[in-house]
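Modelling step: build the complete structure from the supplied sequences, incorporating the hints.
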Amino acid sequence: MKSRYVEEDGLLFIKLTEDIDHHETEILRRMIDNEVERYMPRKVILDFSRVLFMDSAGIGLILGRYKFCKMVGTQIEITNVKPSVKKILEMSGLLKIIPITAGYQNDFLWNACQP
Amino acid sequence: MIRRYENEMKLEFMSKSNNEAFARITVAAFASQLDPTIEELADIKTAVSEAVTNCIIHGYEKAEGMVQIVARLYDHTLEIEISDHGKGIEDIELARKPLYTSKPNLERSGMGFTIMENFMDEMQIESVVGMGTKITMRKKISSSEEEENKQETNRILA
Ligand SMILES: Nc1ncnc2c1ncn2[C@@H]1O[C@H](COP(=O)(O)OP(=O)(O)O)[C@@H](O)[C@H]1O
Ligand SMILES: [Mg+2]
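Protein sequence lines, in the order shown, are assigned to chains A and B. Just so we're aligned, residue 1 is where the first sequence starts under my numbering, counting upward by one. Just so we're aligned, residue 1 is where the second sequence starts under my numbering, counting upward by one.
Partial list, derived from the structure: chain A residues whose beta carbon lies under 10 Å from chain B: (1) E24; (2) R29; (3) F53; (4) M54; (5) S56; (6) A57; (7) K87.
Partner residues aside, some chain A positions facing chain B, computed with beta carbon under 10 Å: (8) D19; (9) D21; (10) T25; (11) E26; (12) D55; (13) G58; (14) I59; (15) G64; (16) P83; (17) S84; (18) M91; (19) S92; (20) L94.
Each computed DSSO-like pair below joins lysine-lysine, with the alpha-carbon atoms no more than 27 Å apart: (21) K87/B - K10/B; (22) K97/B - K67/A; (23) K16/B - K97/B; (24) K2/A - K16/B; (25) K86/A - K97/B; (26) K97/B - K87/B; (27) K87/B - K16/B; (28) K87/A - K43/A; (29) K96/A - K43/A; (30) K103/B - K86/A; (31) K140/B - K82/A; (32) K67/A - K96/A; (33) K97/B - K140/B; (34) K87/A - K140/B; (35) K87/A - K97/B; (36) K62/B - K134/B; (37) K62/B - K10/B; (38) K140/B - K86/A; (39) K103/B - K96/A; (40) K67/A - K2/A.
Everything labelled a hint here was simulated from the structure, so no lab data went into it. Idealized CB from N, CA, C, for every residue including glycine.
Dropping the structure here:
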């Protein structure tokens with residue numbers, strides 16, 4: 001996972017790892033919440049451009065971050081989702097509460113995210 | 001029923017979460033003999049990941065045990081059995097329900113069985129409390145070559 005906080009816009013970009021399963025979510029959850037608490041951004045953008053695999057653990061992870069962000073008064077968005085991942089997101093009904101937003105350029109995000 | 005299998009494999013590993021990726025990649029590699037499409041392979045990986053994760057977090061919880069996978073190929077079909085000798089499921093009907101989870105505090109979504117059912121053609125649950133759980137799934141694979149030929153034919157006919 002890589003992330004970058006853009007202070008001028010109050011945006012926290014989070015670039016997720018390739019596999020989001022139960023094993024990975026344990027680590028991701030802590031890292032994302034830490035970053036949110038640290039910067040208290042206006043908006044969190046979860047970038048899925050590198051995510052090739054996700055199962056229901058990812059649904060739990062996103063839903064949990066949605067609740068956490070709501071609690072601390074931050075918006076959350078999802079972007080750059082691949083078809084296989086989108087299938088799961090659609091089935092879960094998650095897209096009804098967190099829409100997929102377009103418009104964040106891939107290479108911009110890539111450059112913006114620090115290791 | 002006696003069936004002649006074209007191929008069969010067995011895999012056993014400890015109930016550690018870092019084996020989840022190993023398990024789904026291995027089954028996908030085995031299934032690739034049927035020449036599945038990319039989407040079918042993704043479906044298989046996801047269903048295996050769900051069942052294996054359930055064995056680890058629900059079957060064995062904090063204890064350690066072995067998870068077993070048997071996969072078989074016959075007649076363009078993949079059959080997978082994933083089992084544990086863990087605590088078992090008390091109410092299978094309830095467990096299958098979309099969004100039901102016995103562990104909401106762990107940020108589980110309760111979508112595991114729903115995904116297995118949707119991504120595979122068939123999914124059966126057998127479980128005995130105190131003995132363990134076995135999930136059997138089947139999926140017919142439309143060989144990607146056949147799929148291409150079909151598309152080609154349709155294009156010519158159109
Ligand atoms: N192998 C298993 N051993 C014991 N209980 C299980 C097993 N698999 C599933 N369950 C039970 O079925 C419920 C639903 O499973 P699932 O749909 O995968 O949702 P989740 O894993 O998110 O809880 C689990 O919460 C658990 O109570
Ligand atoms: Mg599950």
